[in-house]
Amino acid sequence: MKSRYLFSHKFKPFGWILFSVGIVLGIILLVNDFKFPNWKMNVFSLIGSDDTFSSTKSFTWELNNVSDEIASILIIVGGILVSFSKTKEEDEYISKIRMESLIWATYVNYIVLLFAIIFVFDISFFNVMIFNMFTILFFFIIRFHFMLYKTKRLISNEE
Amino acid sequence: MKNNLKVERAKLNLTQAKLAEMIGVSRQTINAMELNKYVPSTVLALKISKIFQKNVNEIFFLENKD
Numbered sequence: 001m002k003s004r005y006l007f008s009h010k011f012k013p014f015g016w017i018l019f020s021v022g023i024v025l026g027i028i029l030l031v032n033d034f035k036f037p038n039w040k041m042n043v044f045s046l047i048g049s050d051d052t053f054s055s056t057k058s059f060t061w062e063l064n065n066v067s068d069e070i071a072s073i074l075i076i077v078g079g080i081l082v083s084f085s086k087t088k089e090e091d092e093y094i095s096k097i098r099m100e101s102l103i104w105a106t107y108v109n110y111i112v113l114l115f116a117i118i119f120v121f122d123i124s125f126f127n128v129m130i131f132n133m134f135t136i137l138f139f140f141i142i143r144f145h146f147m148l149y150k151t152k153r154l155i156s157n158e159e
Numbered sequence: 001m002k003n004n005l006k007v008e009r010a011k012l013n014l015t016q017a018k019l020a021e022m023i024g025v026s027r028q029t030i031n032a033m034e035l036n037k038y039v040p041s042t043v044l045a046l047k048i049s050k051i052f053q054k055n056v057n058e059i060f061f062l063e064n065k066d
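The listed protein sequences derive, respectively, from chains C and A. Take the first sequence: its letters are residues 1 to 159, numbered as in this note's numbering. Take the second sequence: its letters are residues 1 to 66, numbered as in this note's numbering.
The hints are simulated quantities; they were obtained by calculation from the structure and are not laboratory data. Backbone N, C-alpha and C define an ideal beta-carbon position, used for all residues, glycine too. Where hints are given, some of them may not hold.
[As the list claims (entries may be wrong)] Computed footprint of chain C on chain A, listed as stretches where at least three residues anywhere in the stretch have a Cβ under 8 Å from a Cβ of chain C:
#1 3-10
#2 53-66
[Said to hold, decoys possible] Pair ranges (Cβ atoms, derived):
#3 A:22 x C:157: 39 to 45 Å
#4 C:127 x A:21: 45 to 51 Å
#5 C:127 x A:10: 31 to 37 Å
#6 C:80 x A:58: 42 to 48 Å
#7 A:10 x C:20: 22 to 28 Å
[Stated by the list, open to error] Quick partial rundown of chain C residues pointing at chain A, CB under 7 Å, derived from the structure:
#8 62
#9 91
#10 95
#11 149
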């Protein structure tokens with residue numbers, strides 16, 4: 001079956017590697033309050049801001065710890081590859097499971113966010129937003145692979 | 001929708017895996033259809049009818065609730 005918008009199956013292991021490295025780096029950063037590892041690099045800042053949190057100018061080169069940027073990119077690119085690479089036998093039934101899981105993940109993601117909007121404030125809410133950048137991929141990956149596992153287990157019960 | 005896939009498969013002495021391979025789908029798909037958990041596309045139904053050499057409506061049936 002022709003599936004649009006999906007990557008070839010061979011990207012999946014590569015995605016898992018990027019995704020796991022990103023998560024490990026992200027956890028290390030979280031534990032160390034985003035101060036370690038400290039990989040300073042000159043970065044081009046498109047939009048600056050001048051307030052209590054930071055003072056950067058627009059359209060200038062700035063020194064910045066890029067470890068959090070690297071962790072985010074790894075998690076997002078890895079997560080997309082894991083989520084949207086074809087399974088070994090991608091067919092119409094698996095596409096249906098995929099689509100339902102995506103709808104489910106979107107609902108869960110925004111239910112969690114709505115809950116946080118109502119009950120979490122200030123810097124804590126900022127932390128929620130950091131997680132929320134990635135949770136939709138997390139929820140999808142967990143739900144999709146769980147459903148695939150369930151249908152596979154159903155087969156082994158059959159015979 | 002119901003189907004007698006399992007019966008037809010037994011007549012030809014085909015396993016789920018073999019039938020899946022013949023029509024180019026995963027085993028999960030055959031299994032889900034037999035358990036009436038999945039309604040196949042027209043293309044898939046026609047491929048199945050070709051294997052069993054029967055009309056589609058001799059393999060798949062509408063139920064009252066459909």
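Should the hint that residue 22 (chain A) and residue 157 (chain C) are 39 to 45 Å apart at their CB atoms be regarded as holding?
-> violated (23 Å)
Please verify that hint: residue 62 (chain C), Cβ, nearest Cβ of chain A, below 7 Å or not.
-> violated (51 Å)
Residue 80 (chain C) versus residue 58 (chain A) beta-carbon gap, inside 42 to 48 Å or not = holds (44 Å)
Residue 149 (chain C) as an interface hint toward chain A, with CB separation required under 7 Å | Constraint on residue 149 (chain C) not satisfied, violated at 11 Å.
How about residue 95 (chain C): closest beta carbon in chain A under 7 Å, or not?
-> With a minimum Cβ separation of about 10 Å from chain A (threshold 7 Å), the hint on residue 95 (chain C) is violated.
Annotated coverage of the stretch 53-66 of chain A by chain C, confirmed only when three residues or more have a Cβ within 8 Å | violated (count 0)
Residue 10 (chain A) paired with residue 20 (chain C), Cβ distance criterion 22 to 28 Å = Since the Cβ atoms of residue 10 (chain A) and residue 20 (chain C) sit about 45 Å apart, the hinted range of 22 to 28 Å is violated.
Note whether the CB distance of residue 127 (chain C) and residue 10 (chain A) lies within 31 to 37 Å or breaks it.
-> violated (58 Å)
Restraint check, 7 Å cut-off on beta carbons, for residue 91 (chain C) near chain A | holds (4 Å)
Per-stretch coverage check for the stretch 3-10 of chain A, three Cβ contacts closer than 8 Å to chain C | As far as the stretch 3-10 of chain A goes, the hint is violated, because 0 residues have Cβ atoms under 8 Å from chain C.
In this structure, is the beta-carbon distance linking residue 127 (chain C) and residue 21 (chain A) contained in 45 to 51 Å?
-> holds (50 Å)
Hints 1, 2, 3, 5, 7, 8, 10 and 11 from the list above are not met by this structure, while the remaining hints are.
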